[in-house]
Structure formats: C-alpha cells, structure tokens
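Chains A and B, in that order, are what the protein sequence lines are.
Position 343, counted from 1, in the first sequence is what our numbering calls 327; the numbers after and before it change by one each time, with no gaps.
Add 7 to a position in the second sequence, counting from 1, and you land on the number used in our numbering.
Hints are computed from structural coordinates only; laboratory data are not their basis.
Please note: incorrect hints may appear among the correct ones.
Some chain A residues close to chain B (C-beta under 7 Å, calculated; not the full set) [to be verified]:
hint : residue
1    : Ala14
2    : Arg25
3    : Glu32
4    : His80
5    : Met381
6    : Ser383
Label pairs and their in silico Cβ distance ranges [claimed, not checked]:
hint : chain 1 : residue 1 : chain 2 : residue 2 : range
7    : B       : Pro57     : A       : Glu143    : 43 to 51 Å
8    : B       : Pro57     : A       : Tyr39     : 18 to 26 Å
9    : B       : Ser279    : A       : Gln37     : 34 to 42 Å
10   : A       : Asn20     : B       : Phe40     : 28 to 36 Å
11   : A       : Ala88     : B       : Ala230    : 49 to 57 Å
12   : B       : Pro57     : A       : Gln229    : 50 to 58 Å
13   : B       : Thr121    : A       : Gln37     : 50 to 58 Å
14   : B       : Trp286    : A       : Gln38     : 36 to 44 Å
Here a beta-carbon is modelled for each residue, glycine too, at the ideal position from N, C-alpha and C.
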Amino acid sequence: MSFRAVFIAVVLGFALIIAAFLINRARPAAETQQPNVSLVRASGKCAECHVRQQYSVVHEYEMSRHAARGVNCLDCHQPADKQERKDHHGFAITAHVTPGNCRACHERIYQEFLRSRHAATSWAAVYGEKGLTPEQVSFAEQYQPGGAKRPPHPFVQIEGGPAMTSGCEQCHSIGKPNEDGTIGNCTACHTRHVSSVEVAREPRTCGQCHMGPDHSQIEIYEESKHGVLFNAQHGALKLNTPSAQLTTREMFVPTCATCHMSGINGQKVTHDPSERLSWYLANAITEKRPNYQQAQTNMKQVCLQCHTAPLVNRVYAQAEQVVQTTNQRVRDAQAIMDDLKKSGALSGPPFSHDIDFVYFDLWHYDGRTSKHGAFMGGADFVQWHGNYPMIQKMVEMKSLAAELKRQHGSR
Amino acid sequence: MALADLLQQRLRGAYWRDPVAWLEIYCLANLTFLAVDILIAHSVNDFRRPQEYIPLLFSVATPFLLLPAILAWLRFHNIFWWKALGYVVGWTAVIIGITGVIFHLDSRFFYERTLKSLVYAAPFVAPLAYTGLGLLLILNRMLDARSDNHPSAARMQEWARWVIFLAMAGLFGNFVLSLADHSDNAFFNPVEWIAVISSAFTFTTVLMIFVMPVTRRYLRFCAAVLGIDAAVGVLGFVLHTRANLEGPSTFLNNIRYVTPPIAPLLFPTLVSLTLIGIWVLAPFLPESVSPRKRRTAAPAE
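So that you can see chain B by itself, here it is in the shape it has in the complex (with noise of 0.2 Å):
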C-alpha cells in the first residue's frame, strides 16, 4: 500500500486513529492541565506579582477556546474555526512562554548570576511549556493536511519530524529540570539522579532521528527508551507523593513547597508526544539499512 493511500485511510477513519487529532488533545489536556501546576507553583510565590495569574487564567480559559475549534473541526467539518481559534490560542502561548522565562530569571537570576541563583531561582525553563504547546498547535494547523483533504507524504513526515523535534526540547526541558530541581536538595537521595540520567540518555536518543539517517527498528529502540523514561517518571510521581507524605508540613504545603508531585509526570507526557511522532514517521522510514548501502558505505580495504 502506498504511504499517502495509508495516510489518507487514516485521515479518513475515525479521530481516534488520527494523529492530528490526537496532538489536538494533547495540546488542550496539557495547556489545561498547567492551570493545576501553576496553581500550585505560584502559590509558593503567593502570587506575589499579578502577572503570575496570567498563565493560570490562560489555562482555565484555553478548553473554552480550543474544545471548541476541536469540535468545529471534527464534528462540523469547520476548518476557519479550527485554525482561527487555535492560532490565537497557540501564538498566546507562545508569548506567555517566553515572557515567563525572563520573568523566573528575573526572580533573582538577573541579580546574581551565578549558579546557585540558577539553582535556586523559579525553574526558568518550566514556562516553555507552554511555548512549546503553542508551538505544536500552530505547528497542527500550519502543515496538517486537513486543508486541502489531500495530505501529501512529505507534509506529513515533516508534521512528524516537527511534532518529534518539539517533544525533543521538551525532553532536554525534562533533562535540565530534572537537574536544576534535584539540585535544590543537592541530590541528598541518590535515587534523585535516576530522572538526571534517563532523561539524558532519552534526549540523545531521539536526537539521533535528527543528526543521521536512522531505520524503523531504531524508532522501535527509541520507543523502548522512552518507555523506560515514561516508567521513570511515574516512579517519580509516586517518590514524590511519598516525600510529601512524610515532609515537614501537611501534605497540601508539602506539595506547594517540598516536592513538586506533578513535575515527573512531564516524563510520560511527553514520551507520549514523541511517540505520536514516531507513529506517523515509521511508515516512512526503511525497515533496516540495506546490506548494499552498508557495503558502499564501508570503508574501502
């Protein structure tokens, strides 16, 4: 079966089956699912600076914006609604991500640039998220197929290389929370460096789609290692929930300000996003390296 006949059966079936709907889903879960994180990590700061409700209204106001462009598209075939309410939502994202980096550098950062102030400060990477987010919803309607009814393979393997390039900075994003944050405890429990590592080792695998031409079977391989990072941060969520249970203060402090109990669950989140990437791009890869190209490539003896 040719490649575009497979993406267009795809297309056609039900939405469970597309992944352009799924990235939809992914995005409003997600941009949703950050008023509860920002609930809680700004309430450390006791929302001290007005802007800090900004994300959190933008996230308790974004279903309201996005389910309906969802619905405009699959259930009434709307694409203008589709793309118009999703732009404006994506590109707000955007913007609120990047502001909220220079804001949680600004938290002390700016002042003292050293790498304790680095430590210390509002995890700067963390507002990203939503630049991300953002990103992947423009992303969606500015290479998806959907437009035309006709999705051409090529367009789609680049919606995929993007989607998987995306979720790649998020799993650098995890990488260098994982460090920053576990330096606020200065890796007391060596457990604590499991996340350091796993995520490390999940961004350079994923990277490799990038930086040389890579089989289907290494997407199986990269699939394995982000199934391991997904466990890692389920692991974490329950390390965490234990910390909070035996932390110094109630368990509603503990988590506003001992252990972040939703930080770990980045790592299956966005697993799963790189996994909605892989799933378009397999088709378009080989199998194996050809045994004949293997040979060309061999160094001449």
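Isolated chain A, as found in the complex (with noise of 0.2 Å):
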C-alpha cells in the first residue's frame, strides 16, 4: 500500500474538518450558544419561512435589541405557563405572546405594570369585572382603588358590542386579561417583533390612545413647549438608549416617557405611572391620589432634571388650582343634575336626554382637558378647550334643566 496516498488522504481529510471548525466558529454566538437544540435552530430556521411570508416581521425583529442580544423567536414564542401549546414546523410555540413571555425575562417590569392605571383598571373602566379574576380585581383594587371593581361603563349598553370592540377596546385592551392568567399586552407601546424601547419613548405611541377630546395629552404635548422642542429636536435625541444608562444628554427633550416612566439621569425608571401621578385628573372630582406626596416628590425629581425648583414648584401651585376651579364647576353642573334627578324632572336610563350629554361632556371632555393642559404646559387647552366649554356648557345646562323642569311641572 502506498504510504503517501494515505498521508496525502489524512492530511487533506484534516485539512477539510479543521475548516469546517472554522466555518462553524465565525458563526455569530447568537445562533451557536443557545441553551437548547429548539432555540438554536429557531435563530435561523423561523426566519427561512416568514422571511418570505411576512417579510416585515423578520425585518423588524432583526432592528431589535433582542436580536442584537441574541434572542430569538422561540425565546418569546415558546409556550409559557398555562399557554396553549402549538405544533409548528417541529417547534413548540404559542402564537400569541403575552406578559406571560416577556415575564421570563422582564418580570419586575410586568409587576409594576400590573400596579398600574394600564392594567386591569384600563380594562375595567369599559368591562367593569368582567373576565378579570377575583384575585386580580383585588390585586388591582390595593393600588387602583375603585379602579377595577367596578361596573362595565354605560357605553357598553348603549352603544353595543362592535362599537366597544373597534373602539373602546382597541386601546383599553392594554389591560385586557389574557388565558393564561396574566393581564394586558407589552406591545401596545413596545410593538411587536421590533420590541422597542425607542418606539415606547415615542410620543406618538402614547398618543394611539392618550388622544381626542377626553383625553387629550398628545394634542396638548405637541402645543407645549415640550412638544414643540421635541418635534424641531428630535432627530438629534437618542430614543434607544438603554433604561440604565438614560440621561438629560440623551433625551434634553421629555417626551411623554421621559416625565411618566423613565429612568433619567439615574432616576427610578417604572413601568407604573402612578408612581408619579399625583391627582386622579380623569375623574369628574378629581381628588388627590393616595400617594400624593410621594408621587408629586417622584414627578417633581424628574422635572428638576432640566427646570428650577422655583418653576417646578410654581407650575405644580397654577396647575393645582385650575384643578380647584374645573372641580368647582363640575360640581356646580352635578348640582343641577342632581337637582333635576331629586325632583324627578330627570328620569330614565342614562344618557337618555341632551341634558346628560351636555353635563358628561362638561367633565369628561372640558374638565379633563383642563386639568390635563394646566399640569402639561398646554395652554390653549386650560382656557379654549377646557374652561370656556365648561362656561358655554354649565350656560347650557342652565337652559336645558329649566325646560325640563317646565316640562316636568307641566305634566
């Protein structure tokens, strides 16, 4: 036998693993080091199909910090805890991905966001209980209280299921409670496959639903000076950068993260804007929180990042008593509401008669947008679209609960 062709043969045989070797270890470790043989193959197999089948999808994970960290598909899709499990292409997934996924990795952020006004309270202020567990509505009720045990809103009767699931729901379903026991939806602000942070920080994520007439924070952002500066400055802001390491020099402009939730120049960063939400300004009354001064202290820290005390201060002092004044007016409208209702001049099921519309726009629409625009710098809403309705409205009110009591002493 010759020697030299089984040395040539060896030699080239080793020459051909080694490259191999080589081949395998300029891999990216993302697709390498993964903990199982599922997740491995999930780095690059999802990809081969919905490249071609949804071509966004794949795009917008692949712009994601999670990619860049080696996250792939399986980690958010594999079934988690009480998750229906679905056999997909030789992959275990479930196709709907809730908190109950992103816990895994975030689960401090999914327990301050259960803490919040976003969370079960969103989903109760339309369906009252409904769907909620005795045990989450309670959970809620320590932090939210009155926020989840409640009644399903009016609305829902009157107007019926298609206009609550279209409308009302597109948003309040944030809190919306899912199969397997958790509640809401990371990606009503963070989306989904992109999973974004800068997206979050966006204030038009806030405004898909913090908008119109009853609740108009994006309309009075973009009139304040903030929302002015953030439009003109934008580009030059760092909306990516990691929680931890967010600075004044990153975001010199707040947008409606930077004040409700993140953690600026080391600040507690907190997925629960309670946290720093002083008055429950929704409300007809609005009366101050539970954690008033802790929450102002919290709001105030934040503001301070960029303003004088003497601003902050002087703002907070303006603002409060606007709060003051729109509740006076509201009470003076639920006066004569109440006066009508006791002498039984008004009756019937809500919403029944145009003096019920007049009086819940006055505190749901003007009263809201004057409160909102005080504490938000937005002028234009504190006087011609808060406290002037409210003026034209209670005139309105006057005129309508004098007909009906008219009509009324008539019969």
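Two independent chains are provided; combine them into the complex using the hints.
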C-alpha cells in the first residue's frame, strides 16, 4: 500500500475538518450559543419561511435589541405556563405572545405594570370586572382603589359590542385579561417583533390612545414647549438608549415616557405611571391620589433634571388651582343634575336626555382637558378647549334644566 | 487468467455477479427511494411551489421506465430499449438535479448571500443526487461493453473509475450536507461532528485513487474506511430516529421538521456505489508497489 496516498488523504481530510470547524466558529454566538437545540434552530430556521411570508416581521425583529442580544423567535414564542401549545413545523410555540412570555426576562417590569392603571383598571373602565379573576380585581384594588371593582361603562350597553370592540377596546385592551392568567400586552407600547424602547418613548405611541377630546394628552403635548422642541429636535435625541444609561444628554427634550416612566439621570425607571401622578385628573371631581405626596415628589424630581425648583413649584401651584376651579365648575354642573333627578324632572336610563350628554361632555371632555392642559403646559387647552366650553355648557345646562323642570311641572 | 477473460467470465455469469447490472439496480433503487425523501423534504415547504412536485413525480415514474429497460436487457437481451429508456431517465435526472440546485439556492441565498442564509436555505447540494444518478445511468450505457459483447479491459477500467469518481462526488456531497445540516443546530451535540469527520476522511481517501497511482492494498484500505463511513451512516440513522422520537412534536412532524431520518443512509448508499467501482477496478491494479519501482522513486543519496 502506498503510504504517500494514505498520508495525503489524512492531511486533506484534516484540512477539510479544520475548515469546517473554522466556518462553524465564525458564526455569531447568538446563533450557536443557545441553551437548547430548538433555540439554536429557531435562530435562523424561522426566518427561512417568514422572511418570504411576512418580511416586515423578520425585518422588524432584525432591527430589535432582542436580535442584537441573541434573543430569538422561540425565546418569546415558546409556550409559557398555562399557554396553549401549538405544533409549528417542528417547534412547540404559542402564537399569542402575552406578558406571560415577556415576564420570563422582565418580571419586575410586569409587576410594575400590573400595579398601574394601564393594567386591570384600564380594562375595567370599559367592561368592569368581566373577564378578570377575583384575585386580579383585588390585586388591582390594592393599588388603584375603585379602579377594577366597578360595573361596566354604560356605553357598553348603549353602543353595543361592535362599537366597543372596534372602539374603546382597542386602547383599553392594554389591560385585557389573557387566558394564561396574565393581564395586558407589552406590545401595545413596545410593538411586536421590534420590541422597541425607542418606539415606546415616542410621543405618538402614547398618542395612539391618549388623544381626542376625552384624554387629549397628545394634542396638549404637541402644543406645549416640550412638544415643540421635540418636533424640532427629535433627530438629535437618542431614544434607543437603555433605561439604565438614559441621561438628559440623550433626551434633552422630554417625551411622555421621560416624565412618566423613564429613569433619566439615574432616577428610578417605572412601568407604573401612577408612581409619579398625584391627582386623579380623569375623574369628574379630581381628588388627590393616596400616594399624593410621594408621587408629586417623584415627578418633581424628574422635572428638576431640566428645570429649577421655583419654576416646577409654580407650575404645580398654578395647575392645582386649575384643578380646584375645574372641580368647582363640575360640582356646579353636578348640582344641577342632582337637583333634576331629585325633583323627578330627569329620569329614565343614562344618556337618554340632551342634558345627560352636555353634562358628560362638560366634565369628561372639557374638565379633563382643562386639568391636563394645566399640568402639561397646554395653555390653549386650559382656556379655549377647557374652561371656555365648560362655561358655555353650564349656560346650556341651566337652560335645558329649566326646560326639563318646566316640562315636569306641566305634567 | 487474463483480465479481459475474467471480465468476460463475469459478464457471462449471473446478473448478480455483474457490476453493470448492480449499477442499474443501484440507480433504480435510489431514484425510486428519492420519492420518499422528496415527499418528506418538500412537505416541510408544504409543496408551496408546483415545481416541487416535479422530482416527486419523476421518482414515482422512474421504476415504470427503468424496470422495463433493465428487463429488456437482462431478460430479452434488447440493448436498444435498455439504452433508450435509460438515456431518457438519465438525462431527465441530470436536468432535474441541476434545476433543483438553482431552485434551492433561490429559496434565500440569492437574496442574501451569507453563510447564515446558506445554512438555513434548502439544502442546495441535495438535488445533485438526481444529477449523479442520471450520470451513472448515462455512463452505464456509454461505457458499457454490452453493445459489442466484448468489453475491453481499458473500457471496464474507465467505467470503474467513473463510477468511483461519481461516488466520490457524492461522498463530498455527504461532507457538505452533514456540515450544512448539522449547522442548523450549530452542532449542539458534539456527536454531530462524527458525520463531518467521517465524510471528510472518506472523501479524501477515495480522492487519492485519482491523484496518484494506487494499489489493490490501498483499495482494501479504502474499503475499510468506507466500511467505517457506512457504520457512521447507520449510527446517524439511529440517532436521527431517536431525536425524532424525543422531538418537540409528533413523530411524523419531527421527521418532517426536526431531523431527516433518511439523510444518514446516504452514507452506506454511497459506500455501496464506491465499492461497486472498487470491485471492478481492483483486478486492474497491482497488489503493491514493486520494490524496484520504490527504489527508482527513492531520492539519490
């Protein structure tokens, strides 16, 4: 036998094997260093089909921090506790990703979210306790008293299912109870697949829901100096900076998230905006929250990252005066309604008379707008979209009340 | 006994002693069995494109053409129909294989020419199995001695070298496929490297037949290496089946999506093809390098 042939065969064989090792080593760790085979395969196999079927999904994921950190499709799509398992091309997955999946890595954030009004309270504002477990209701009540233990909104009955499903629910489902026992959906703010902190910090993300006459925060922000500066300078902001490293150098202009959630300049980051909110501004009659003092201190700490204390205190003092005057106007309107009901001039189901709508608009639209405008630097919303229409509606209410009383008297 | 006499004696004997017949049966069996492989492989893709049915239909149709061809030759000594039908099947297989490679690369690699897309694209070398089998059928007809019933030793030696060459291409394909397929799961289990190592050594061992003069003893060494490669293939089949039994889904789903159970059997299949070639080539080679030749080849001191 020719040893030369054997020798060359062995050398070439080794060369091929070493080449194979080197090629394998050159692959990114995110593809190879995974805890199990399914996760390794998912690092590239999922995209093989989905890049053709739903290109955007794969592209969005590829832009994400998850992708950069080696978190792949199956990390989020593997069935969590109590989730329905679906066989999908050799993978066991869940198609419906909930906080049950996100909490595997972001438990603290989920717990903060659960305490917030974005969670069960948001859902209960439309549907009451429907779909929530007694445990979920009692948990929410600990942190948001009266927020979850409540009846469905009258509009559910009046407007009916389709209007609720395609209307209110689209925003209020941020607190929808899921079948796996979790609540809400992180993707409401962070979006799917790109799972972006940058998108969540965009004012327009909050503005998807916090808009319109009943909660016109985005319009107020746009009018405010904060919003004007953001529109002018957002290109220079670094909205994708990780929370722990975020300073006023990256976000020298605030967005909604900066004031209500972000941990700027070492401040505590939170997914419970209530931690920095001192008043129940959305209520007809605004009252202090149970954590009023602490929440106001927290928010002022954020304000102080850019403003001086006198300015911050002045804004708060002026806004709290607007709260008081708005409360008084709403109380006056309430007194008219109470008087009508007491006298029997106003009866029947809710929202069956013109005056029901005028009163509802007065506090639900104009009252809220006035108060939000005062805290968020929206002068026009305090005045022309707030107090002015409240006065106008008071006149209208008095006229309607007189007419109702006259009609009631003639009966 | 003269080599030509030996060959003629073989060719006059029963077909099971005839390497040409064995090659025919090899091609028939493999082309037909590829139907199962294609059915599993393309069902992963849910046969999304109609073109994916072409190799399946071809493989199903193959026995209806090739079996009569073989019978025409072995039973009725009709060389014309054996050649005609064989050429039809052979050339069709060649075209299907080459087209398949282009389609497989088109799955992703043409859009994103990266190592990752190559790893996760459809196995681009796989369709060349058709091309290889097609070329074997054509080879069997173009170089076979049956047309004149007097095969020359040179002709049979050329036949054997071509068979080994095509088998060697397959063995290289084994190396590429075992590397690319196991890259899917990033060699999560180190055992997966066995297939790569075995196929690399088997390929280079057989390669030496073509790059330098070799002896019958070397062919025996080749056969031993091939034997190990075949055993690795059987071991792969067992491990793949076990992985499918323990996989995340049902057994049938795992076969489709997790681990191809048939793929490792390509190892013993190609080993058997190489052995057919070696079987014919061996008598033409010297038992060992003669001492005089060795002395001549030694450098002057």
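Quick rundown of the hints versus the structure:
1. Ala14: Ala14(A) check fails; min Cβ-Cβ to chain B is 10 Å, beyond 7 Å.
2. Arg25: 5 Å, holds
3. Glu32: 5 Å, holds
4. His80: Not OK, violated: His80(A) not within 7 Å of chain B, min 18 Å.
5. Met381: Since chain B brings no Cβ nearer than about 64 Å to Met381(A), farther than 7 Å, the hint is violated.
6. Ser383: 69 Å, violated
7. Pro57(B) to Glu143(A): 43 to 51 Å: 49 Å, holds
8. Pro57(B) to Tyr39(A): 18 to 26 Å: With a Cβ separation near 22 Å, Pro57(B) and Tyr39(A) satisfy 18 to 26 Å, so the hint holds.
9. Ser279(B) to Gln37(A): 34 to 42 Å: Since the Cβ atoms of Ser279(B) and Gln37(A) sit about 41 Å apart, the hinted range of 34 to 42 Å holds.
10. Asn20(A) to Phe40(B): 28 to 36 Å: 33 Å, holds
11. Ala88(A) to Ala230(B): 49 to 57 Å: 54 Å, holds
12. Pro57(B) to Gln229(A): 50 to 58 Å: 53 Å, holds
13. Thr121(B) to Gln37(A): 50 to 58 Å: 20 Å, violated
14. Trp286(B) to Gln38(A): 36 to 44 Å: 54 Å, violated
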